[in-house]
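**Student:** Each chain, written out:
Number of protein chains: 2
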Amino acid sequence: MFTTLVATALFLANQTSVDLTHTLSEKTVVYPGKTPFSKVICSYYESGYRLDDIHLSTGIGTHMDAPSHFCPEGSGIEAVPIEQCYGEACVVHLTSRVGTNADYAITKADLEEWESSHGPFPAHSIVLLHTGWDKHWDTIQFCQTDETGVSHFPGLSGDGAQLLVERKVSAVGIDTMGMDVGAATQFVAHNVLLGADIILIENLANLSLLPEVGSTVFLLPMKIKDAPESPVRAIAIFNKAKKN
Amino acid sequence: MFTTLVATALFLANQTSVDLTHTLSEKTVVYPGKTPFSKVICSYYESGYRLDDIHLSTGIGTHMDAPSHFCPEGSGIEAVPIEQCYGEACVVHLTSRVGTNADYAITKADLEEWESSHGPFPAHSIVLLHTGWDKHWDTIQFCQTDETGVSHFPGLSGDGAQLLVERKVSAVGIDTMGMDVGAATQFVAHNVLLGADIILIENLANLSLLPEVGSTVFLLPMKIKDAPESPVRAIAIFNKAKKN
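Top to bottom, those sequences are chains A and H.
This note's numbering numbers the first residue of the first sequence as 1331 and each following residue consecutively.
This note's numbering numbers the first residue of the second sequence as 1331 and each following residue consecutively.
Calculated from the structure, these hints are not laboratory results.
Some clues are possibly wrong.
Note that identical chains are pooled: a pair holds if it fits in a single copy or bridges any two copies.
Pairs of lysine to aspartate or glutamate, EDC-like flavour, derived with a Cα cap of 20 Å [what the hints assert, rightly or not]:
#1 Lys-1570 with Glu-1413
#2 Lys-1555 with Asp-1476
#3 Lys-1570 with Glu-1408
#4 Lys-1498 with Glu-1413
#5 Lys-1438 with Asp-1489
#6 Lys-1555 with Asp-1383
#7 Lys-1357 with Asp-1383
#8 Lys-1555 with Glu-1445
#9 Lys-1369 with Asp-1383
#10 Lys-1465 with Asp-1433
#11 Lys-1555 with Asp-1349
#12 Lys-1498 with Asp-1527
#13 Lys-1369 with Asp-1349
#14 Lys-1369 with Asp-1527
#15 Lys-1369 with Glu-1442
#16 Lys-1369 with Glu-1408
So that you can see chain A by itself, here it is in the shape it has in the complex (with noise of 0.2 Å):
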């Protein structure tokens, strides 16, 4: 027992962490149609503590699409595994590539470059794509909207969304508003992903001080009983010798 528990010990005071989570507040944008974040103060101290209640879409900040999100007969947020909650991060580092185009959807062939330096994507890992998109985050530019009403920001293509099920990983995550660019109409990243048990983390922050591969991320969203998605704490853990 006491060797286990000092080993384990060992192992994490080795590693340093990352907050992969964007702050919730009145502040925050939300996608055209959800409900925004609010929050009331019920009891100041009255009673020697403090009560506050919030009300909030489900898919709000840093969050997570389960397979009911966009399938009827899909899972919801209670039932995704915790095992598929958190593993090994393989990140995908495309900001010099997305730059300031809000249409840029990422290709098959931008994630095989990936490949070519680390090998395939390992089955039950999780892709985390860093656009550079949050450097936006909680302004207007976040989520463009164009004069006929029509949504922009970076996302992934079909194409490369059906690589990532062929590599059977367990999740995939991105730093701007949705898993498809912001200007599609069929979501055919959400639906092929969420089609094949595939959860998505939207909103995520921070992901430029992540390595390409080393890390551990966590993923843990609210245990919401019939619930199509959930803000998520997103946390990555990786060796000190690896932080940017």
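Go by the hints and put chain H onto chain A.
**Tutor:** Using the frame of chain A, we list chain H on its own:
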């Protein structure tokens, strides 16, 4: 890089996980005075996807208390360092002592007995108090109220809390509705622990499945700006051989 990826993958491959979180639903019992959980379906695939909204007290279900829950000048949930939200678990199994006693206050001596087997609770560890009360979850017995309106459930005594402050642990969790016994009016355990910036987790589930030492727990709250409490997803990871 490849060596690190394989090493971490092997670390995870040898582990098993346990969900320590109760499911949130309209049935969830709340502490007297707190707002119950509610959920509505706002959009049912009319645009291709489903959207739900939720309304709740931040201190509902399996949840975390930040210092500001009891201390007006204390940190809120957003400011709790993520390093304090995971770590080595020290699990104190107390079911045979607590039995059916809804007023049982876990003593300093109870904690010292654990230490007589395993040594002092390490600094930065997470102490989990297993009373067995989670078997009453989602029933009126979980938070019994007598004819005078006083609640009854087991909790931690003030001297037990003081010992854990001296040990400089990161967090203390329990499987009852609150860290103090239900009949408390002064909330000594809450004030002693939160006053020392030790975070609390209440309404934990499945602590019976954890070994006394050797597991790592992750207790991840939502990242809500200026909130005194938050629902958490709480999980434990440990060597497969250690699962009871």
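**Student:** Work down the list of hints and note, for each, if the structure agrees.
**Tutor:** Taking the hints in turn, this is what the structure says about them:
Taking the closest pair of Cα atoms, Lys-1570 and Glu-1413 come within 20 Å of each other only across two copies (13 Å); inside a single copy the shortest separation is 24 Å, beyond that limit. Taking the closest pair of Cα atoms, Lys-1555 and Asp-1476 never come within 20 Å of each other, the shortest separation being 36 Å inside a single copy and 30 Å across copies. For the identical chains of this complex, Lys-1570 and Glu-1408 are neighbours neither inside a copy (33 Å) nor across copies (23 Å), given an alpha-carbon limit of 20 Å. In this assembly of identical chains, Lys-1498 and Glu-1413 lie within 20 Å of each other by CA distance solely inside one copy; the values are 14 Å within and 31 Å between copies.
Proximity of Lys-1438 and Asp-1489 under a CA criterion of 20 Å is satisfied intra-copy only: 6 Å inside one chain copy versus 60 Å between copies. Taking the closest pair of Cα atoms, Lys-1555 and Asp-1383 come within 20 Å of each other both inside a single copy (19 Å) and across two copies (12 Å). Both within a single protomer and between protomers do Lys-1357 and Asp-1383 lie at most 20 Å apart by alpha-carbon distance, with minima of 17 Å and 17 Å respectively. Taking the closest pair of Cα atoms, Lys-1555 and Glu-1445 never come within 20 Å of each other, the shortest separation being 37 Å inside a single copy and 38 Å across copies.
Taking identical chains as interchangeable, the C-alpha atoms of Lys-1369 and Asp-1383 lie at most 20 Å apart whether they share a chain (6 Å) or sit on different chains (14 Å). Within a single copy, Lys-1465 and Asp-1433 get their C-alpha atoms as close as 16 Å, which meets the 20 Å cut-off; across copies the closest is 52 Å, which misses it. Taking CA atoms no more than 20 Å apart as the test, Lys-1555 paired with Asp-1349 passes between copies only; the shortest distance there is 15 Å, against 26 Å inside one copy. Proximity of Lys-1498 and Asp-1527 under a CA criterion of 20 Å is satisfied intra-copy only: 10 Å inside one chain copy versus 42 Å between copies.
Taking the closest pair of Cα atoms, Lys-1369 and Asp-1349 never come within 20 Å of each other, the shortest separation being 22 Å inside a single copy and 28 Å across copies. Proximity of Lys-1369 to Asp-1527 under the C-alpha cut-off of 20 Å is found in neither arrangement, the shortest distances being 32 Å within a copy and 24 Å between copies. Taking CA atoms no more than 20 Å apart as the test, Lys-1369 paired with Glu-1442 passes in neither setting, with 44 Å inside one copy and 41 Å between copies. In the homo-oligomer, the alpha carbons of Lys-1369 and Glu-1408 lie at most 20 Å apart only across protomers (14 Å), although the nearest pairing inside one protomer, at 24 Å, exceeds that limit.
In terms of the numbered hints stated before, the structure departs from hints 2, 3, 8, 13, 14, 15, listed from lowest to highest.
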